[in-house]
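Engineer: Once you've looked at the hints, dock chain B with the ligand against the given chain A.
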Amino acid sequence: MTDVVIVGGGIAGASAACKLSAGGLEVVLLEKQQAYHDLVRGEWLAPWGIREAQRLGVYDCFGAGGAWEIREWMTWDEAVDDDEVEAVDMTGFIPGIGGPMSFPHHAVCELMAAQAVGSGARLVMDASRIQVTAGREPVVTYRTPEGEHEIRPRMVLGATGRGCTVGRQIGVTMRNSMHHWGGGMMVEGLDSWPADVQAMGTEGDVMFMVFPQGFGRARLYLNFPAENKLRYRGEGGVERFLAAFELDCLPDRGKAVTEAVPAGPLSVWPSVSSVPEGPPLAEGVVLIGDEAGNADTVLGTGLSCAMRDSRTVCDILLGSDDWSPAAFDPYVREREFRLDRLAFGADIVSRLHVEFGEEAVERRRRARRLMAKNFAAQVTGLLNMVAPEDVPEFGFSEFFAERLFRETA
Amino acid sequence: MTEKKTVRVNDVDIAYVDEGEGDPVILLHGYPDSSYLWRHQIPALAEGGFRVIAPDLRGFGDSSKPQEIEAYGMQTIVNDIVALTSKLGIRRPHVVGHDWGAAIAWMYAFLMPRRIDHLAVLSVGHPGVFARPSIEQRAASWYMLLYQFPGISEELLRRNGWRLFKEIMGRDGDHDRYLRDMARPGALTAGLNWYRANRSPEAELRPARPFPPVLAPTLGIWGAGDQALREEGMLGSAKFVKGPWRYERVEEAGHWIPLDAPEVVSKLLLGFLGTEDSAQAERRPRRRL
Ligand SMILES: Cc1cc2nc3c(=O)[nH]c(=O)nc-3n(C[C@H](O)[C@H](O)[C@H](O)COP(=O)(O)OP(=O)(O)OC[C@H]3O[C@@H](n4cnc5c(N)ncnc54)[C@H](O)[C@@H]3O)c2cc1C
Chain A
1240 MTDVVIVGGG IAGASAACKL SAGGLEVVLL EKQQAYHDLV RGEWLAPWGI REAQRLGVYD
1300 CFGAGGAWEI REWMTWDEAV DDDEVEAVDM TGFIPGIGGP MSFPHHAVCE LMAAQAVGSG
1360 ARLVMDASRI QVTAGREPVV TYRTPEGEHE IRPRMVLGAT GRGCTVGRQI GVTMRNSMHH
1420 WGGGMMVEGL DSWPADVQAM GTEGDVMFMV FPQGFGRARL YLNFPAENKL RYRGEGGVER
1480 FLAAFELDCL PDRGKAVTEA VPAGPLSVWP SVSSVPEGPP LAEGVVLIGD EAGNADTVLG
1540 TGLSCAMRDS RTVCDILLGS DDWSPAAFDP YVREREFRLD RLAFGADIVS RLHVEFGEEA
1600 VERRRRARRL MAKNFAAQVT GLLNMVAPED VPEFGFSEFF AERLFRETA
Chain B
23 MTEKKTVRVN DVDIAYVDEG EGDPVILLHG YPDSSYLWRH QIPALAEGGF RVIAPDLRGF
83 GDSSKPQEIE AYGMQTIVND IVALTSKLGI RRPHVVGHDW GAAIAWMYAF LMPRRIDHLA
143 VLSVGHPGVF ARPSIEQRAA SWYMLLYQFP GISEELLRRN GWRLFKEIMG RDGDHDRYLR
203 DMARPGALTA GLNWYRANRS PEAELRPARP FPPVLAPTLG IWGAGDQALR EEGMLGSAKF
263 VKGPWRYERV EEAGHWIPLD APEVVSKLLL GFLGTEDSAQ AERRPRRRL
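Those sequence lines, one after another, are chains A and B.
Each number in this note's numbering comes from the position in the first sequence (counting from 1) with 1239 added on.
Each number in this note's numbering comes from the position in the second sequence (counting from 1) with 22 added on.
Bound conformation, chain A alone (with noise of 0.2 angstroms):
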């Protein structure tokens, strides 16, 4: 007898299939992929990420799949004068945890995989065709290169992350916006980058970030203008991604990340948040991770809000016998307190840093100005570090939104 089928074995899928698998539940984790490879997600997570991998006891995944913890924050921007530029020590956010760690994602998600299936699970990859109808007792149908079957759990978790595949299947549906866009490679022979050290900034048309993963490798990011959308792809698009990185703001213009080697797929995607129009749920099916909604990738929280689902989600499973709709409803709850104001700190980082031209170059210096004498607009900055609920309130007033960019507009 399966108790729950989980559908997508990303960071929240396979942590959730740890944790439920741990507690006695006979899981089944589906997986569409034929073996873990870089897909080219998340691979910055914040300090209370960790916590939340810790309460989910998946954070030696972390560690072992080469996580990497990053101790120290560089804005090197256009509209950054080089005596500014300072180091922020991200370590003291969250006592006993220290900075956040940068990992290759899909080394994780195999080892806890792995863990689940140590645990008693069965993870079943190359899983195609997946059909979920919701339910007292639901139903999947699913098929392998063995045939086609049928599981008929008592509780499906839909994680399959943007596609919102079971989503879609139960009538979740969601309102999508897009501000630009984004793309991704790991690359390594990164020797004369400082370790600890992760870097920020926007200048020209490309906002960039570094994210080192110790011993010379690194995650690279870049966010642009949807216009650009096709400037990275095609024959040379890696060469091009790389040589955006040869700014002026950055120490040496940028050499030690042009002349990095490429250490996994270059991907380039449309960065889109998603709000669900209603609760991310249906009798017998809960939603978690990205396809229960998400804010814009900038923030760099879509990870730790994964860990956070399913730990939420995992402990009402392991914690009663009724797993009706209603008693998920402080999942609900949580979970849309948490993405408005994810979504209210994404809007704002990406106005102030993923836009281009004069007039945005002067609206960042006039904010950083304005954060410089009152240190409370910085709040925003926070969401980055710690849980949304602990933000304070008025960093989520359109008052203080309309301060920020009226006084800086």
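No wet-lab data here; the hints were simulated from the structure.
Take the hints with a grain of salt, since some may be wrong.
Said to hold, decoys possible - Here are some chain A residues the structure puts well away from chain B; computed CB gaps all over 10 angstroms:
| # | residue |
| --- | --- |
| 1 | 1337 |
| 2 | 1387 |
| 3 | 1443 |
| 4 | 1468 |
| 5 | 1497 |
| 6 | 1561 |
| 7 | 1568 |
To be verified - Facing chain B, according to a computed beta carbon distance under 10 angstroms, are these residues of chain A, among others:
| # | residue |
| --- | --- |
| 8 | 1284 |
| 9 | 1302 |
| 10 | 1303 |
| 11 | 1305 |
| 12 | 1326 |
| 13 | 1330 |
| 14 | 1332 |
| 15 | 1341 |
| 16 | 1453 |
| 17 | 1595 |
| 18 | 1638 |
Bear in mind that the values here come from a model prediction, so they are computed numbers and not experimental data.
Every residue gets a Cβ at the ideal spot worked out from N, C-alpha and C, and that includes glycine.
Structural biologist: Relative to the frame of chain A, chain B with the ligand by itself:
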């Protein structure tokens, strides 16, 4: 590589690789390895006409991981090897060890002089040398002190994504694998217990007993790039060995010689094991006197 088998000895399960036919060779790994350390030498030695036995020592790999410090005393571990070889019907193996495995191999040679043929030790010299380390060796062994604090060492190594553990291991040996192995339930404490049981400051205060001479023909191998164990350990070993002693310094290797210079190690072992008159042959005439 062939599947590992498991035997129960001394109340623990010991997993081991058993490959080839011929004179038996026991390969003992160190910290934080497992029999996997010897993956290049196992086929080479089997090919060369030996029966190769490579156990995962207690606390490592697929073997049991008792959580008490006392379970990791050197004699206890030597007993594991004795019990394992008896169960396999092996009387006088060649014994080869690296790192902690070398320390065990020395101990085995002291305690079981008649149950060893040739002895080969990699990286770690005779414990008599290590008992009076130079200040340089003490400095290089700083991590052994860090490992002495039950619970606290574990937390320090593990936090921040195992950052300190990674910094200590660097990119050496099977670094990718170590963390995965150490993250297995109980593995980190088990591994550290080796140091707690045998390298504590208290242990250094205990009155030293004289070491019995090593009668077996002995080969010492040291990697010139070793950051953790200095050459003095190997050079100083000569005077403790009464049997024929040979020392090989491998320029192109660091601490993990079997991985850094796999062919050199296989060749050295093939050219050494079974080539000298063994200890017993030497002792027999003496006994007749
Ligand atoms: C480029 C990029 C950069 C990002 N940067 C960050 C960052 O730095 N920090 C951060 O916290 N977040 C970041 N995010 C967001 C983060 O990656 C996601 O929020 C997180 O991966 C969501 O996890 P998930 O498990 O819900 O979904 P996913 O990671 O999308 O995993 C879904 C899994 O389900 C499988 N799957 C999909 N469809 C099916 C199906 N039909 N049947 C079976 N299996 C299926 C997929 O193969 C995959 O394994 C970024 C996202 C992107 C795209």
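Engineer: Each hint should be assessed against the structure and marked as holding or not.
Structural biologist: Going through the hints against the structure:
| no. | hint | verdict |
| --- | --- | --- |
| 1 | 1337 | 4 angstroms, violated |
| 2 | 1387 | 34 angstroms, holds |
| 3 | 1443 | 33 angstroms, holds |
| 4 | 1468 | 34 angstroms, holds |
| 5 | 1497 | 24 angstroms, holds |
| 6 | 1561 | 32 angstroms, holds |
| 7 | 1568 | 34 angstroms, holds |
| 8 | 1284 | 9 angstroms, holds |
| 9 | 1302 | 3 angstroms, holds |
| 10 | 1303 | 4 angstroms, holds |
| 11 | 1305 | 8 angstroms, holds |
| 12 | 1326 | 17 angstroms, violated |
| 13 | 1330 | 8 angstroms, holds |
| 14 | 1332 | 13 angstroms, violated |
| 15 | 1341 | 9 angstroms, holds |
| 16 | 1453 | 7 angstroms, holds |
| 17 | 1595 | 34 angstroms, violated |
| 18 | 1638 | 38 angstroms, violated |
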